[in-house]
Amino acid sequence: MRGRVAMVTGGSRGIGEAYVRALHAAGARVVIADVLVEAGEALAAELGEGARFRELDVTGEEAWSDAVAETVASFGTVDVLVNNAGIANSAPIEHFTLEKWNAVIAVNLTGTFLGCRAVVPTMKAAGRGSIVNISSVEGLRGSVRLHGYTASKFAVRGLTKSLAVELGPSGIRVNSIHPGMIRTEMTTRIDPERLAVPLGRPGAVGDLTGALLFLASDASAYVTGTEIVVDGGMTTAIPHA
Numbered sequence: 000m001r002g003r004v005a006m007v008t009g010g011s012r013g014i015g016e017a018y019v020r021a022l023h024a025a026g027a028r029v030v031i032a033d034v035l036v037e038a039g040e041a042l043a044a045e046l047g048e049g050a051r052f053r054e055l056d057v058t059g060e061e062a063w064s065d066a067v068a069e070t071v072a073s074f075g076t077v078d079v080l081v082n083n084a085g086i087a088n089s090a091p092i093e094h095f096t097l098e099k100w101n102a103v104i105a106v107n108l109t110g111t112f113l114g115c116r117a118v119v120p121t122m123k124a125a126g127r128g129s130i131v132n133i134s135s136v137e138g139l140r141g142s143v144r145l146h147g148y149t150a151s152k153f154a155v156r157g158l159t160k161s162l163a164v165e166l167g168p169s170g171i172r173v174n175s176i177h178p179g180m181i182r183t184e185m186t187t188r189i190d191p192e193r194l195a196v197p198l199g200r201p202g203a204v205g206d207l208t209g210a211l212l213f214l215a216s217d218a219s220a221y222v223t224g225t226e227i228v229v230d231g232g233m234t235t236a237i238p239h240a
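For the sequence shown, position 68 matches number 67 in numbering that gives the first Met the number 0, and the numbering has no gaps at all.
If you're looking for bench data, these hints aren't it; they were derived computationally from the structure. Some hints could be false.
Taking CB as the label site, the calculated pair distances span [what the hints assert, rightly or not]:
| id | residue 1 | residue 2 | range |
| --- | --- | --- | --- |
| 1 | 213 | 120 | 43 to 49 Å |
| 2 | 86 | 213 | 23 to 29 Å |
| 3 | 96 | 170 | 38 to 44 Å |
| 4 | 59 | 123 | 21 to 27 Å |
| 5 | 192 | 124 | 32 to 38 Å |
| 6 | 26 | 157 | 30 to 36 Å |
Glycine included, each C-beta is placed from N, C-alpha and C at the ideal position.
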């Protein structure tokens, strides 16, 4: 990744922070894009040269244009976009309000769409690029109470495939990563003992970085429109009571 420029949304903490650290360690210059200003600025300061923070609400069309323009002005291009920012909410369907639905769709799906659209002109001009959209195992199967989250993650998977077909001739690859049960602040209320994970443990954020570095780098130069599932085997089994 040396010499490459990457943007990571939701990069101030959790999985996004792990992605930022991995890309930076591999030699990339990284823009940490997030609404969590204090945490993002602290991470950029810790990493030092080649890392900077940019406040970004992924639901804002103009905010995306400004963030990409600032990245290009600072680092010359955008080689890699990691659409990681996401939220989750839950309720039984009869109590799942339109407000809940719109909130999760705005961040998880519209934010991903806006990010992809914003970086494409720069990537087309360079004749190359890698977009990595972070979906979920909920983008592969249903989950009770997580109706908006599940719908958004299925849609991210579909958007990934349509963009891969359209942008392939321009040298831009688009793939998705589907994490399973990963220990983060978002999953603290989930009891991993209730999940049938063949590898026998919940994942750590570091378990996801290998897949990201593969998709972000030239090691995956002939890979596009596909998904990498990082779930300890959780989606491979037929569930039993």
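Ascending list of hint numbers which this structure does not respect: Per hint list: 1 and 5 violated.
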